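All chains, full assembly: derive it from the sequences and hints.
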Amino acid sequence: MTNPLSRRGLLIGGGSIAGAGLLAGCASEKESGGGGSHYRKGDGPQKGKKVIFVVHDKNPFFAPVQRGFEDFGALMGWKTQFIGPPAQDVQKTVELQASALNAKPDGVIFTRIDNSSFDGNIRNALAGGTKVILSNTAGDDYQKFGIGFVGQDFVSAGQVCGRQIAEYAKKRTGRSSGVIVCGNFAPGSSALEQRVQGIKQGIEASNKENGTSYTTEVLVTSTDESKAVSSIDAKYTSRKGGIVGWAMAAFDHQFVATWAKGKNLTGKFGVGGFDLVQPVLDAVKDGAIDFSLGQNPYAQGWIAAALLAEEFDPGYPARYYDTGAEVVNASNIAAVAKREARFS
Amino acid sequence: MTLQQEIAAAYRVDDSAGTPLRRLLGAREFGVFAATIVIFVVCAIGADGFLATDNLLSIAQQIAILGIVATGMTFLVIAGEIDLSVGSLHGFLAVELAWLVTKVGVPIGTAAPLAILTGAAVGLVNGLITTKFKIPSFVVTLAALSVLRGAALLLANGVPVRGSRDSAFIGLVSGTPLPHLAAQVLWLVAIVAIGAYVLTKTKFGFDVYSVGGNRSAAAGAGIPADRVKISCFALTGALTGVASVILVGWLGSANPLTGNGFELGVIAAVVVGGAGLAGGTGSLLGTLLGAVITGVITNALVLFGVDGNWQQVATGALILAAVMLNQLVARRSPHRRH
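First to last, the protein sequences are chains A and B.
Under the numbering used here, residues 1 to 344 are what the first sequence spells out, in order.
Under the numbering used here, residues 1 to 338 are what the second sequence spells out, in order.
The hints are simulated quantities; they were obtained by calculation from the structure and are not laboratory data.
With a straight-line cut-off of 30 angstroms between C-alpha atoms, the simulated DSBU-like cross-links for lysine-lysine are:
1) A:K285 to A:K263
2) B:K132 to B:K201
3) A:K235 to A:K170
4) B:K103 to A:K144
5) A:K227 to A:K171
6) B:K103 to A:K200
This one's a predicted model, so the numbers in the text were calculated from it and none came from an experiment.
So, in structure tokens, the structure goes:
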């Protein structure tokens with residue numbers, strides 16, 4: 001046992017007090033918001049219905065989608081389940097959908113990222129009397145199933161992004177020519193490819209209208225920050241000051257913001273992209289990102305569930321609901337950040 | 001018994017002697033078999049609808065592709081090597097097949113064997129680089145993983161490519177020859193049966209165990225270790241090609257991101273099945289049971305109503321528990337005592 005009056009005892013005692021004081025002096029950094037559904041599960045007009053939502057990739061974008069789905073499910077009294085592979089994987093998604101259907105749900109909500117892989121499961125669900133709604137991504141020909149879809153028109157949203165980035169490129173650099181980099185962290189994803197296509201079209205249209213001659217180059221980024229920053233840095237170095245803007249097909253403009261801050265390059269080019277995840281909103285707030293396009297992910301959960309509820313009772317057929325392309329920039333960031341805080 | 005067979009026998013479990021019970025308890029697969037039974041019983045009791053015929057056949061369908069690639073990987077792991085590129089190769093070959101059929105116009109009857117041959121060729125190259133340049137296979141195949149994923153994206157131009165709509169092809173690789181029984185399950189059974197025969201009854205199978213168990217002793221016995229390993233790489237590539245052909249027939253298209261992380265599932269099935277990554281140990285029955293365990297866990301977690309994020313945690317924990325149970329039972333089994 002240590003004698004409290006010995007030198008070792010004094011050192012240990014003093015150290016403990018100093019340590020405790022230091023710990024107590026640190027203010028709590030707990031953030032408010034987040035957590036599960038705001039609504040209490042239990043009774044509801046459709047109590048006991050089982051609904052499963054299968055996404056193709058559980059990236060941060062889907063957090064508000066899940067919340068919207070679970071919020072609506074709680075109001076209805078549903079048993080809800082939200083599943084998907086940790087990274088985009090068509091085969092795994094198909095398998096999860098099949099397992100979900102074997103759980104005999106009353107309804108399912110799927111994302112459909114290509115035009116054939118998921119059709120077998122959709123047909124099986126419909127043949128077995130399970131209601132199906134598509135959310136976020138539906139593919140070109142989803143109407144053939146006669147089912148509803150809640151999501152964004154990716155090409156048009158890309159066009160909005162293209163026009164916006166051209167405007168900010170001019171504003172930030174004053175130049176009428178230069179390269180706008182179109183980032184894509186998941187080549188092969190039809191949604192992101194369509195957005196990139198739309199971005200190019202939007203920039204082309206803006207060039208014609210405003211007499212500019214911006215060109216585009218596609219950069220494969222990553223959802224991994226260090227990998228993304230590394231490829232962004234390499235691209236910037238390779239173009240030697242020729243880059244006037246960065247338009248990313250998803251939330252990877254947050255990585256452009258991180259990189260630009262580190263290199264003291266914030267404001268030297270236009271930066272924009274998609275989605276309203278917290279790091280993107282923070283960067284819009286501090287000016288490292290000029291704009292981001294929201295697609296109302298909460299609605300992609302809530303409205304998809306609501307369409308399903310309507311199909312259960314009274315039985316209205318579901319239809320298309322466009323979640324739009326909301327432009328979020330310095331002018332409206334405060335209100336949007338407040339709204340989105342509950343999903344952080 | 002030849003010297004080669006003696007070396008192989010030192011690293012294989014002889015489960016052919018004694019009573020059926022003794023043989024069962026002595027089999028290397030008994031541990032993973034016990035783990036499979038435990039998981040099955042838990043799921044049967046707790047997960048509503050788990051034992052439904054549709055569900056069990058759906059699980060079988062889901063593990064078919066994994067099991068086919070894991071068959072090749074078992075040969076490779078027993079030979080003391082590993083292939084981390086099978087996920088990307090799976091994606092590349094699926095895209096290659098769809099591209100050949102719908103963009104070039106090659107008939108599916110020619111394109112499918114071509115995809116399998118390409119897989120074998122990629123495996124051959126991986127094997128040659130590994131053995132001739134003495135570079136660890138995980139480094140070589142890690143590089144191949146990146147190259148093949150990029151190649152798939154380039155070939156597909158970043159978007160999914162539509163597959164063959166030939167009904168005979170679709171029926172052959174992914175139809176339902178018997179009610180509720182998908183063709184890919186029959187492909188899996190046939191491939192595992194042939195693989196098990198080759199591994200346990202042929203000279204090549206003995207050589208695989210010998211090379212993985214003790215390379216220098218195998219070399220001393222005149223076994224061409226490099227050739228055996230290269231053959232295992234090529235076999236893994238070819239079976240990945242078979243899996244890709246089945247996938248394209250099943251899903252009707254090929255996404256360049258197909259197989260993202262797939263290699264980990266394949267390696268997990270092989271390791272859960274009792275194969276040691278150091279080489280020299282493992283069996284195809286064990287691998288098949290390993291694939292069944294991973295498939296059952298994924299399916300049952302959905303039936304149990306487990307939320308997506310928890311499924312990742314639960315899958316990892318259950319695989320670890322299955323491996324531990326396997327090791328525990330294997331240590332107590334009679335063959336370990338000599």
